[in-house]
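Protein chains: 2
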Amino acid sequence: MDPQWINELIEEIGTDGVTINETALLQHSQDESHHPGVSPDVVASPKNTEQVATILRTASRYGIPVTPYGAGSGLDGGAIPLHNGISLDFTRMDRILHFSPEDMSVTVQPGITRLALNKQINSHGLHFPIDPGADASIGGMTATNASGTTAVRYGSMRDQVLDLEVVLADGRVIHTGSRAKKSSSGYHLNGLFTGSEGTLGIITGITLKLHGTPEHLIAARCTFPSPKACAEAAHLILMSGIPVQRIELVDSESIRQVNAYGQYAFPEEHSLFFEFAGTKGGVEEEASLAEELMKDAGCSHWERAAGSKERSEIWRARHELSYAFSHIPGKKMLGSDVCVPLSHLADLVVHARTLIEGSGLLGGVFGHVGDGNFHTSIVYDPKKPHEREKALHINEELVLKALQSGGTCTGEHGVGIGKKKYQVQEHGEAAAVMASFKHLLDPEGILNPGKIFD
Amino acid sequence: MDPQWINELIEEIGTDGVTINETALLQHSQDESHHPGVSPDVVASPKNTEQVATILRTASRYGIPVTPYGAGSGLDGGAIPLHNGISLDFTRMDRILHFSPEDMSVTVQPGITRLALNKQINSHGLHFPIDPGADASIGGMTATNASGTTAVRYGSMRDQVLDLEVVLADGRVIHTGSRAKKSSSGYHLNGLFTGSEGTLGIITGITLKLHGTPEHLIAARCTFPSPKACAEAAHLILMSGIPVQRIELVDSESIRQVNAYGQYAFPEEHSLFFEFAGTKGGVEEEASLAEELMKDAGCSHWERAAGSKERSEIWRARHELSYAFSHIPGKKMLGSDVCVPLSHLADLVVHARTLIEGSGLLGGVFGHVGDGNFHTSIVYDPKKPHEREKALHINEELVLKALQSGGTCTGEHGVGIGKKKYQVQEHGEAAAVMASFKHLLDPEGILNPGKIFD
Numbered sequence: 001m002d003p004q005w006i007n008e009l010i011e012e013i014g015t016d017g018v019t020i021n022e023t024a025l026l027q028h029s030q031d032e033s034h035h036p037g038v039s040p041d042v043v044a045s046p047k048n049t050e051q052v053a054t055i056l057r058t059a060s061r062y063g064i065p066v067t068p069y070g071a072g073s074g075l076d077g078g079a080i081p082l083h084n085g086i087s088l089d090f091t092r093m094d095r096i097l098h099f100s101p102e103d104m105s106v107t108v109q110p111g112i113t114r115l116a117l118n119k120q121i122n123s124h125g126l127h128f129p130i131d132p133g134a135d136a137s138i139g140g141m142t143a144t145n146a147s148g149t150t151a152v153r154y155g156s157m158r159d160q161v162l163d164l165e166v167v168l169a170d171g172r173v174i175h176t177g178s179r180a181k182k183s184s185s186g187y188h189l190n191g192l193f194t195g196s197e198g199t200l201g202i203i204t205g206i207t208l209k210l211h212g213t214p215e216h217l218i219a220a221r222c223t224f225p226s227p228k229a230c231a232e233a234a235h236l237i238l239m240s241g242i243p244v245q246r247i248e249l250v251d252s253e254s255i256r257q258v259n260a261y262g263q264y265a266f267p268e269e270h271s272l273f274f275e276f277a278g279t280k281g282g283v284e285e286e287a288s289l290a291e292e293l294m295k296d297a298g299c300s301h302w303e304r305a306a307g308s309k310e311r312s313e314i315w316r317a318r319h320e321l322s323y324a325f326s327h328i329p330g331k332k333m334l335g336s337d338v339c340v341p342l343s344h345l346a347d348l349v350v351h352a353r354t355l356i357e358g359s360g361l362l363g364g365v366f367g368h369v370g371d372g373n374f375h376t377s378i379v380y381d382p383k384k385p386h387e388r389e390k391a392l393h394i395n396e397e398l399v400l401k402a403l404q405s406g407g408t409c410t411g412e413h414g415v416g417i418g419k420k421k422y423q424v425q426e427h428g429e430a431a432a433v434m435a436s437f438k439h440l441l442d443p444e445g446i447l448n449p450g451k452i453f454d
Numbered sequence: 001m002d003p004q005w006i007n008e009l010i011e012e013i014g015t016d017g018v019t020i021n022e023t024a025l026l027q028h029s030q031d032e033s034h035h036p037g038v039s040p041d042v043v044a045s046p047k048n049t050e051q052v053a054t055i056l057r058t059a060s061r062y063g064i065p066v067t068p069y070g071a072g073s074g075l076d077g078g079a080i081p082l083h084n085g086i087s088l089d090f091t092r093m094d095r096i097l098h099f100s101p102e103d104m105s106v107t108v109q110p111g112i113t114r115l116a117l118n119k120q121i122n123s124h125g126l127h128f129p130i131d132p133g134a135d136a137s138i139g140g141m142t143a144t145n146a147s148g149t150t151a152v153r154y155g156s157m158r159d160q161v162l163d164l165e166v167v168l169a170d171g172r173v174i175h176t177g178s179r180a181k182k183s184s185s186g187y188h189l190n191g192l193f194t195g196s197e198g199t200l201g202i203i204t205g206i207t208l209k210l211h212g213t214p215e216h217l218i219a220a221r222c223t224f225p226s227p228k229a230c231a232e233a234a235h236l237i238l239m240s241g242i243p244v245q246r247i248e249l250v251d252s253e254s255i256r257q258v259n260a261y262g263q264y265a266f267p268e269e270h271s272l273f274f275e276f277a278g279t280k281g282g283v284e285e286e287a288s289l290a291e292e293l294m295k296d297a298g299c300s301h302w303e304r305a306a307g308s309k310e311r312s313e314i315w316r317a318r319h320e321l322s323y324a325f326s327h328i329p330g331k332k333m334l335g336s337d338v339c340v341p342l343s344h345l346a347d348l349v350v351h352a353r354t355l356i357e358g359s360g361l362l363g364g365v366f367g368h369v370g371d372g373n374f375h376t377s378i379v380y381d382p383k384k385p386h387e388r389e390k391a392l393h394i395n396e397e398l399v400l401k402a403l404q405s406g407g408t409c410t411g412e413h414g415v416g417i418g419k420k421k422y423q424v425q426e427h428g429e430a431a432a433v434m435a436s437f438k439h440l441l442d443p444e445g446i447l448n449p450g451k452i453f454d
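If you read the protein sequences in the order shown, they are chains A and B.
One point on numbering: in UniProt numbering, the residue at position 172 of the first sequence is 172, and numbering is uninterrupted.
One point on numbering: in UniProt numbering, the residue at position 345 of the second sequence is 345, and numbering is uninterrupted.
Chain A extracted, bound-state conformation (with noise of 0.2 Å):
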């Protein structure tokens, strides 16, 4: 027999849109991290707004937990239903609202992916340009403040969001921004729920920016004799103004990793990997220019991809890596993700490799060294409780060292259960405020609970 509040969802939104079915609350116990599942009671496929400020009202007057939830991709535990309740599935909302190519906007509901929506544009000369690599939904991009290989030109998914629409607690439903591309009115609600991970509201429409697809990329690569030279000779790049639009750090243990997991034969060295975008003549100077700053520091194997297949290639191969260390069969993979001040990315990588070395694990260093953001995979037994406890630790000292070094404990992975214990430690004071904010917007705490804050 159903508890009541489920009997009023099923009433609400219909027997299509709640489901108890033991494989779908196991498919929504759980995310791509490593934190353990816990399953939900049911799960929840509104069609509209207007089914989600339902779902809301219902739990908030039964005190139900509600926990957003997209393609189940993300590496932190934001997904993970901490104490049951609902799970709010986005699949059945996932399309696009309202596409304007002449603003250079859209609008989509939080269930489409990011793959989704630029097949839906690109013939428009337009594109989405955050790329975390999976194909996330937009809803959990939006939610954890996702970036990836292209922040160092675009930035994170806050500097990409002019309006979202949000169900907040009680029902009510509220727009953050406008489509205006800049505006000096009120206060900055667009940043604030970005990133909120669904514990200050649940994001129902967003409204991004669109880019003009350039005219021409060029990718490269060359390799370092050690990580440290590599975020070193990023540094250069970064300095000399040459508007990079991906500039990526590949250990060559993560090389060694992909090759094998993609068939690829990169040079199993320390890698930096490029990618120049603009129009021809100008994107054709920026490589050459960077060709020779990186040979005035010292690299290898300088290889500019010849055309458009081997230039995917490098990339399909950068967004493997993840897998390439989560795949290996019988083991599991835990992940980092600081992000320091740019002077002190060299010190963190190498400090991130010694860990690495000195715990006896398989584990590799890659990342978005342009923007100080860097990640480690490392791979352990989950029959070795030792070996997880390892990973952890490795974990640990980063976030701290990342901390000593005026950095952040996520750069992009969003706090969800693995850093919820280093906000006050982050945030000083201002974490006072934030749970502030909070608990002013959640009162009975129903939204997410047990992620960002307690």
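In short, the hints are calculated from the structure, not lab data.
Bear in mind that the values here come from a model prediction, so they are computed numbers and not experimental data.
Do not rely on the hints blindly, as some may be mistaken.
Note that the list lumps identical chains together, so a pair holds whenever it fits in one copy or between two copies.
To be verified - Here are the simulated DSSO-like pairs of lysine-lysine, each with C-alpha atoms no more than 27 Å apart in a straight line:
hint	residue 1	residue 2
1	Lys280	Lys119
2	Lys280	Lys295
3	Lys209	Lys228
4	Lys209	Lys401
5	Lys119	Lys209
Once you have looked at the hints, place chain B on chain A.
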């Protein structure tokens, strides 16, 4: 006899930090806007963050309003102390606290102006690009989320702020961000306090992103038969993906005024001003592509600035526009500042011209067309109240039409006094959320009372 709270202030921060001198009070009663001045009871000039905290604690205890004051260059009354009290002047907090060229960031006190900042960092190959025209203080620019001619490339202040030090109403000091270039940790207080005009807390430190100085710059200008044709041509450039650094609309009336004011000889027609920035070859190519595109669109007088002298002249003239209108002897000037989705820009500009011509007043239309943000400068005789009424009416008509178009009542000047009445209309239910944040952080209402929300 001074009231007790003034004596306490003097005790706390010294006689040199507190004045009731009539001239100082008068100077702090106004900004560059058309709003009538209101004098503070005292001007307090703290030397450091601790003194700001002391002042706020005293103000809280006695319920005295505190209105921050930077360079006095605001355009909508943000720094006018509507309820007297303390004008918090940042002249003595104008230092660079930490300059880190290798991190491409700088931490400054709020009183430093943007030109003073650039003067100290330019020799390191770095610059701070946000350029609202006036030599505003960085604190004021942050408080209003200022932007200006380079927003099409660099966004607004909010896009440049890495961290703020903020003193809350009760004297607590918080940091809203970190020195990392991006973060997904906590809630985004950076963006919330940027643009909050001193109503949520007093900004005492600002950490900003810096950018490599472009190797090469090209400025150019051309004319079109109508402001509408200018706006449409600007739209073509944006859609083409040519990465302009500035793209400005200046109508013929504005050109006439600035020619007269600054003894320039620009063709007195509706114009677009351009700047391209990057590597030499890239910029050459961009400028040539833009020229081709503009000629296809029917422009006349395409002219590249021959050298750096001519280039500076274009931007000096653009910056003097507002002064050209506001310094007509015996007259006053009233400016507007709306921002709309790009596709609505041409219509709004035409509407603005029609309203000005219908009013019989002298006025110009110009603005940052790459962002959909434009201004009108309307000249009126302060001795003729019906002229000021007409100017106010035009301002109101433009705001209402901008809101109908999905835009905002202020693109960059801030809410201040003049845009307060549009907050509910623009933000709807979200205005209630914003007001609840204000009440939470400033329960006594001592922080810049009468601004943004009552």
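Hint check:
For the identical chains of this complex, Lys280 and Lys119 are intra-copy neighbours only, at 24 Å inside a copy versus 35 Å across copies, given an alpha-carbon limit of 27 Å. Taking the shortest alpha-carbon separations for Lys280 and Lys295, both the intra-copy value of 23 Å and the inter-copy value of 21 Å come in at or below 27 Å. Only between protomers do Lys209 and Lys228 lie at most 27 Å apart by alpha-carbon distance; the minimum there is 23 Å, versus 35 Å within a single protomer. Taking the closest pair of Cα atoms, Lys209 and Lys401 come within 27 Å of each other only across two copies (22 Å); inside a single copy the shortest separation is 35 Å, beyond that limit.
Only within a single protomer do Lys119 and Lys209 lie at most 27 Å apart by alpha-carbon distance; the minimum there is 16 Å, versus 33 Å between protomers.
In this structure, every one of the numbered hints holds.
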